[in-house]
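Asks: As a plain string of letters, each chain reads:
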Amino acid sequence: MRYAMAIDTKKCVGCSDCVVACQTENFVPIGYCRDWVVEIVDGTYPQLEMEIRSERCCHCENAPCVRCCPTGASHISDGGTVLVKPNKCIGCGACIASCPYDARYPHPDGHVDKCTFCLHRVKQGLDPACVAACPTKCMYFGDLDNPRSDISMALKKRKWKTLIPEAGTNPQLYYLI
Amino acid sequence: MNEVTIISGRMNPRVDPHLEIWHWEIPFYLFMGGLAAGILFFAAMYVLLNKEEKFSAAVRITPHLAPFVLVIGLIALLLDLNHKAYFWQLYTTIRLQSPMSWGAWVLMLITPISFIWSAIHIRSIFPEWEWKGVLKTVESFFVKQKRAIAWIMLFSSVILGIYTGILFSAFNARPLWNTSILGPLFLVSGLSTGAAMNIMLSKDHTARLTFSRIDLMLIGIELFLIVHMFMGFLASTQVQIDAAELFLGGPYTAVFWVLVVGMGLILPAILEILELKKYKIPVFIPAGLVLIGGLMLRFIIAYAGQESRWLY
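Here the protein sequences come in this chain order: A and B.
Using this note's numbering, the letters of the first sequence correspond one by one to residues 1 to 177.
Using this note's numbering, the letters of the second sequence correspond one by one to residues 1001 to 1312.
Hints are supplied without guarantee of correctness; some may be wrong.
As the list claims (entries may be wrong) - Straight-line C-alpha distance at most 25 Å; calculated PhoX-like pairs for lysine-lysine:
id, chain 1, residue 1, chain 2, residue 2
1, B, Lys1084, A, Lys88
2, A, Lys137, A, Lys161
3, A, Lys161, A, Lys10
4, A, Lys157, A, Lys137
5, B, Lys1084, A, Lys85
6, B, Lys1054, B, Lys1132
Unchecked claim - Partial chain A-side listing against chain B, Cβ under 10 Å, derived:
id, residue
7, Glu39
8, Gly43
9, Glu55
10, Pro64
11, Arg67
12, Cys68
13, Ala73
14, Cys89
15, Gly91
16, Ala103
17, Leu119
18, Trp160
19, Lys161
20, Thr169
Stated by the list, open to error - Simulated coverage check for chain A against chain B, where a stretch passes if three residues somewhere in it have a Cβ under 8 Å from a Cβ of chain B:
id, stretch
21, 29-38
22, 44-54
23, 93-102
Think of the hints as simulated: they come from the structure by calculation, not from any bench.
Note that CB positions come from ideal geometry on N, CA and C, so glycine has one too.
Kindly generate the complete structure, drawing on both the sequences and the hints.
Replies: Right under this line is the structure:
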C-alpha cells in the first residue's frame, strides 16, 4: 500500500474549501492550517500564466522529518503516511526546520502537527476531508500500488509534477499539469 | 521582465512568512556546547600529553567552568522545547540518523564527566577541601582512572563540538545550513573559544602564549573554512547561491563580516600576533573578542539559515 494524492491544477479554482474542511475535520487550532492554497502568476503582461495549487505535507518516501526526529515521534505509518505521535514529541522543532515544504507547525499544545492524509477517515473507506470537500473534484487520493485506483489512472493519463523534486525527498503529492 | 506573484493562504505562527522555530536558545546553547567542548578538549589533551604541570590552569582551573556552562546550555535547550514535560522521550531511544539524538546522548555522557573532572580537581580552587565518607572512595577511584576519563572526555568533546554544527548541516531544507563545512567550522570555533577561556584564566605566561598560538592557528582554520563554505555555496544550486547572497550583499552582510569575521576573528588574530611579538596586550581583549565572535557566528547562522529556503 502506498497512499498518494494528486491535484489537478487545471481544475482547482483556489476556493480554499479544502483548507476549511481540514481545519474542521482535524480540529486545527485557529490561525493554523495543515493545508493551504498557493496562487502563482508568472510571465510578463500580457503573457501571464497562473497556477493554483492546494498544498500540504507531501508524505515523502525519503522523509527528512522522520530522519531528524530524536525520539521517533515522527514516523512512517500505514501506506507510507508520515505521522507524529503527540505523546512522544518533545517539540524540539527539528522536523519543522527539516521540511523543505514547511508543511509542519508547532501546535499550541506543544507537540508538532501536520497533515495526516486523514488516515482516520481513510481507514473507514472515506476520502481525506480536503478531497471529499473539493467542489471541482480536482483532487484524487488513493493507493499507488493499485494500478486501477483513481490516482494511478490520473497519473497515467496526465502530465504531472511534484514540488522541488531536486530536494530529493521523493514527495507523494502530485500535481496534474 | 518576468513577474512572479506568489500568494499563499498559509500563515502558521513561527513558520511563516519565514521560519522562526528556533530563537535565541538554540544558538546560545550551541555556543555553550562548543565552549564546554573546547575547555574539556584542552584539559584532556594536556593530561594525555603528560603536560599537566605545565598547563595546570587548562587542566585544573578552566574545566571548573564546564559543568556550569553545560548546565546553563542545557537549561536553554529545555526552554527551547515546546513540549517540555516530554523531554525524557529523548532517552527512550537512540536514533543514529538524528543529530539531536546524538547530541542528547553525548550530553548525557559529557555532563557527568565534567562534574567528575571538576570534583577531582576541586583542591586547585579550594585547597582545604576534603571529600567525606563514600565520596572520598569514589574520588580516589576517579583519580586513579584519570587517564581513562581524559580519553573519554577527548572523544566526547570532539563529538559535542562537531555535533553543534551537524545539527544545522543535516537540514537539507535550509540551503544555508546544508553544508558539511558547518560541523568542522563549529568544532574549530568551539575549540577557539575554549582556548580563549584558557588565555583568560592562565596565570602562567608561557602557557598563555601557547594558547595564543593555538588560537591563532584555529582562527586561521576558521577563516579557511568560511572561505570554503562560500566557495561551496557559490558553486552549488541556485538555492544555495541565494543562501550565500544573504551574506554577500543581503541583510546579514554587515553583521557577519564585521562582527564575526572582523571583530571575532581578524582583530583578535592581529592582537594575538602583536602579543607574540612581545607587545603588551590586555589578555581579556583578544580572548573576549573570540568569545563574542563565536556567539555571534552561531546566532547569525541560526537566524540566517531559517530565512534560506527552497520554495516561494
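Asks: Determine for every hint whether it applies to the structure shown.
Replies: Here is what the structure says about each hint:
Between Lys1084(B) and Lys88(A) the alpha-carbon distance is near 11 Å, which keeps this suggested pair within the 25 Å criterion. Taken as a hint, the Lys137(A) and Lys161(A) pair is honoured in the structure, with Cα atoms around 19 Å apart against an allowance of 25 Å. Taken as a hint, the Lys161(A) and Lys10(A) pair is honoured in the structure, with Cα atoms around 13 Å apart against an allowance of 25 Å. Between Lys157(A) and Lys137(A) the CA atoms are separated by roughly 16 Å; this keeps the pair inside 25 Å, and the hint holds.
Proposed proximity of Lys1084(B) and Lys85(A) is supported: the alpha carbons are some 15 Å apart, at most 25 Å. Proposed proximity of Lys1054(B) and Lys1132(B) is contradicted: the alpha carbons are some 30 Å apart, above 25 Å. For Glu39(A), the interface hint holds, the least distance from its beta-carbon to any beta-carbon of chain B being 4 Å, beneath 10 Å. With a cut of 10 Å, the hint placing Gly43(A) at the interface with chain B holds, because the nearest CB-to-CB distance is about 7 Å.
Below 10 Å, beta-carbon pairs count as interface contacts, and Glu55(A) has one with chain B at about 8 Å; its hint therefore holds. A least Cβ separation of about 6 Å between Pro64(A) and chain B falls short of the 10 Å threshold, and the interface hint therefore holds. With a least beta-carbon distance of about 4 Å to chain B, the hint placing Arg67(A) at the interface is held under the 10 Å criterion. Below 10 Å, beta-carbon pairs count as interface contacts, and Cys68(A) has one with chain B at about 5 Å; its hint therefore holds.
The closest approach between the C-beta of Ala73(A) and any C-beta of chain B is roughly 7 Å, which is under the 10 Å cut-off, so the hint is satisfied. This hint holds: Cys89(A) has a C-beta 6 Å from the nearest C-beta of chain B, less than the 10 Å allowed. Interface restraint check: Gly91(A) against chain B, minimum CB-CB distance 3 Å, threshold 10 Å, status holds. The interface hint given for Ala103(A) holds, since its Cβ lies 9 Å from the closest Cβ of chain B, which is under the 10 Å cut-off.
A hinted interface residue such as Leu119(A) counts as satisfied when its beta carbon comes closer than 10 Å to some beta carbon of chain B; here the least separation is about 21 Å, so the hint is violated. For Trp160(A), the interface hint is violated, the least distance from its beta-carbon to any beta-carbon of chain B being 18 Å, above 10 Å. Given hint, Lys161(A) at the interface with chain B, is violated; its Cβ is 13 Å from that chain's nearest Cβ, farther than 10 Å. Given hint, Thr169(A) at the interface with chain B, holds; its Cβ is 8 Å from that chain's nearest Cβ, closer than 10 Å.
With a threshold of 8 Å between beta carbons, the proposed coverage of the stretch 29-38 of chain A by chain B holds, since 6 of its residues qualify and at least three are required. Restraint check on the stretch 44-54 of chain A versus chain B: 3 residues with Cβ-Cβ distances below 8 Å, three needed, restraint holds. A stretch counts as covered by a chain when three or more of its residues have a beta carbon under 8 Å from one of that chain; for the stretch 93-102 of chain A and chain B the count is 9, and the coverage holds.
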